[in-house]
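A.B. asks: As a plain string of letters, each chain reads:
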Amino acid sequence: MEAGVHGVAERRLSKAMGGALVDALAMAALLVAVGLVLTMAGVAPQRTGTHAAIILTAVVSLQIFSGNTGIVSFGHAGFVGLGAYVVGLLTMSASVQASALRNLPTLLAGHEMPLLAALGIVVVLGIVVGVVSGAPLFRLSGSGASIATLALLIIVYTVLVASRDITRGSQPFYGVPRDVGLWTAIPVAALALAFARIFRELPIGLSARAVADDERGAAAIGIDRRFTTLFAWAASIVVAMAAGGLMAQFLGAFSPKDFYFGLAFTTLAMLIVGGMTSSLGALSGVAVTTVVIELVRRVEGGGEIGGIVIPPVFGLTEAVLALSMILIIWRRPEGLCGGRELNLLKRLGLSGPPTAAAEPPARTARLTIRADGLTKRYAGIVAVDDAGVELPTDCITGIIGPNGAGKTTLINMIAGAVAPTSGTLAIAGEPVTRFAAHRVARAGLGRTFQNIRIFPRMTLLENVLVASRQVVPGLAAAERAAMRELTRVGLAHLAEQPAGSLPYGLRRRLEVARALALDPAFLVLDEPAAGMNPVETEWLTTMLAKVRAERRIGVVLIEHDLKLVMKLCDRIVVVDHGRVIAEGTPAEVQANPDVIAAYLGSRTSARVLAQTEQETKPSNPTGEFSHA
Amino acid sequence: MRDRRRINRHLAGLVSAAALMLGAASPAFAEEIIVGVASAQTGGLAPFDQPSLAGLKIAVDEINAKGGFGGKYPVRLVVKDTRSDMGATATITQELVDAGAKILITPCDADPSIAAGQVTQPLGIPTLTFCGTAPILTGAVGDVMFGTYPGDNLQATVLANYAYDQGLRKVYLLKSPDSTYTMRLPEYFGEVFTRKGGAVVGEGSFSMNQSDFSAEVTKIKNLADKPDLIMTAGYEPDFPAFVQQLRAAGVSTPVFGADAIGTGTILGLGKLVDGTVYTAAGYATPGSKLAAFETKFKDVTGHAPESAYEANGYDIGLILDTAVTKADSVDPKAIRNALASIEKLEGVTGEITYAGTDRMPLRSVALVKYQDGARVFIGTQVPAAAEVPAP
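The listed protein sequences derive, respectively, from chains A and B.
Under UniProt numbering, the first residue of the first sequence carries the number 1, and numbering increases by one thereafter.
Under UniProt numbering, the first residue of the second sequence carries the number 1, and numbering increases by one thereafter.
Hints may be right or wrong, so weigh each one.
Stated by the list, open to error - Below, in silico cross-link-like pairs of lysine to any residue (SDA-like), each with a Cα-Cα straight-line distance of 20 Å or less:
id: 1; chain 1: B; residue 1: Lys-57; chain 2: A; residue 2: Pro-312
id: 2; chain 1: B; residue 1: Lys-57; chain 2: A; residue 2: Gly-429
id: 3; chain 1: B; residue 1: Lys-57; chain 2: A; residue 2: Val-313
id: 4; chain 1: B; residue 1: Lys-57; chain 2: A; residue 2: Gly-303
id: 5; chain 1: B; residue 1: Lys-57; chain 2: A; residue 2: Gly-315
id: 6; chain 1: B; residue 1: Lys-196; chain 2: B; residue 2: Lys-57
id: 7; chain 1: B; residue 1: Lys-226; chain 2: B; residue 2: Gln-245
id: 8; chain 1: B; residue 1: Lys-369; chain 2: B; residue 2: Arg-195
As the list claims (entries may be wrong) - From chain A, some residues computed to sit far from chain B (all C-beta separations above 12 Å):
id: 9; residue: Ser-170
id: 10; residue: Gly-388
id: 11; residue: Leu-494
Bear in mind the hints are in silico, worked out from the structure with no lab data behind them.
All residues carry an ideal CB built from backbone N, CA and C; glycine is no exception.
Between the sequences and the hints, there should be enough to build the whole structure, so can you do that?
C.D. replies: The following block contains the structure:
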């Protein structure tokens, strides 16, 4: 019965994917409609439309990568060029090849393929080229990766110029049959646009957007940044090369300089005008730019309107284009669409948030995180010194200690965010020493951060979905699991809101929900109550106690609110100067003379500890602990 | 029912009347000939296309004052800006064709000219590039495409002939793969030079805008077989940088260049470029047609021509006038055939011949030498067609 319900659920589309498909169809239909109008308008408008559709495909390729990963790419223009040369070579007639490319290697000569077959080869080649060229992105992120794409542009250009026997070098490459018309360019553009729309809802697209928003936060829920970025890069390179293939057959003659900085900046500008983070942005950017150019350039040639002679003003197009770009970016920094998708279903009220899934079964096996001799040295400073802790499931462990004691470094080492200088770490008996954060997360550790790391540009649902889909097979089921966690933290009604719009306290809740969506064996919370008012703290305490009771997971928390720690925790680990100085039940720790002497030190602090002890026994309103 | 039929008949009558009127009107319009100009008035090619268009406009105004091409076909220039964009060039060409252009002018570069030529070739509309110099340009499109400016291979031939005649026998070629011009022109030079009996003793390569030529200079200085001259098609800022560093290293070998170094900046190098010979589309000696054109240009526009492109643009007007006069028709195919048969037309820049060529003109190329901070005109040459290396 249970399996049957699951089966049905998995076959069904996720809500987000359903919405994406409808949007994709709507945008494709729009393109076809525009195509029909242009077909009736004559040959010249058809050319304009064809060129715009090809540029759209190139801009979409850029959107797939830059829009999802947040890495601005200058390199795509080069790969458009690569696609153009490949299609040019494969579709060229043998007789033209013989005269224009005398030293062409025989492997490349005389294929005379139809366009579609050549595009097929371009797609396969695009995957290979994408994976190989994406290698530098493995180690880089942010502006470093952007500069790497710039280098790739220069490399591709140089290779094209240097391969004289194949490309005619810097000279025009000509003789490519011109079979691309409106009805070749529009279907390809529609396909690319639909792919881009769907891509962002796919697990890989979600992961890429999460990485773009917060790299460490993404790693904490098991996302492999390197794989994600590489995948998005390769997928976008395939589209870019296909755009190039169309361009080759549209132009018939070109040279490497046509796919250099000029094209890179034009496509990038269009994408920024429309809004980088959505496929609708790519579409609107190209549409607006094309319409502005077409309108203004009809005026700039001069002429007579109503008896008034207007002199030609060449450069007007560029001026108006530049001005409108500045206006758009000034008035709408996120682009024309503000980074939003069409979301037709949601706009028409045809799609609500998904229903919440049932609770996963409680953990029965007792697992342990075991750390032995964990040490972290930063230059001469020892942040954590030979720390050994055991953190079991079905237990709430508090880690306390004064500021700078090494608590956060300790749990960062446990979570894989910081590599230990020495020592070993095992989760449930499996060694995870020096594992990257995303692998530790996959081993069953969910965490939150001292300085909240949610994904502000994604919706609340997406924030949690990107975690739940790591453990729940099928996007539809993952969506419902995400809803369950949002409901748990009381945020279900805000599921479709962007996370960036949440106030501080709710962001903390969202981060907890995201960590729980991983269905972790261990939940590590770094100062979860920081900045919360007493009511919110109370809510958090209750929620954590409930989760622990229901799921039997191990909760580990660093907290300065001693009242909360003493009330909530089963065990307490006390850290000072990077060493574990005491371990035990709250009562044992509070009675430990070492803790009183070493951790608290002064007479004043001893008084505070005694006071805390008093307060935590009966319930008492105030209890914020402060370090003297 | 009957009413409907009557209206239909009425409509049909109206339509056929309109068609008749249009048909009758056609010969009246045929008197005018539209020359479509798909030129880059903005963007990277504007520095070449703007002066070319300025020259062409003066020619067209003069021709129209005499009644038009052949004295009877008034010319209407329809100018559209391609923004130096290839896709836009093809589209604009189509628009100009749709607007009835019988002759098309394309930008100063091979790529967009080929893109435009591919639109006009199936329609048989003669197409002339303002100043694209890549010799493959015409072959890449077909029989409607014509060059007007001296091709890279033509310039190289004139320069190589001159060098050889001066007794120079060993050349060092300095090339840059960054553009066709900087790459192929020295190669054409080498081809002609060796065919005549000279030798290429070394080759070097540079990146445009690289500014540091010390490696190249050291290489040239240490050549076992010392060259008699160095040939390069590099221009600003590479050419001045190279020459300065070469002379600073104590190498006094003369450096030859092509038409792109005929600028005030290079002239300003003074002693450094003593002995440097370069090519030009024409040279305005006192009393020459070019000098007369320059005066006329200044009268019309208020400023002197900035380059040779104005004169070349003016010559395009003369070429078209000659072709239409010869064809005595506004039929594009007839004009094309007339164009292809032009022989020894006296333009302001010199003699222009299409007959017997692959439509890159065989035309006079001027040779100029820098000496003591001044330009010295050496002479003009029209090489034999057989001497010009194949593209």
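A.B. asks: Checked against the structure, which of the hints given earlier come out wrong?
C.D. replies: 2, 6, 8, 9
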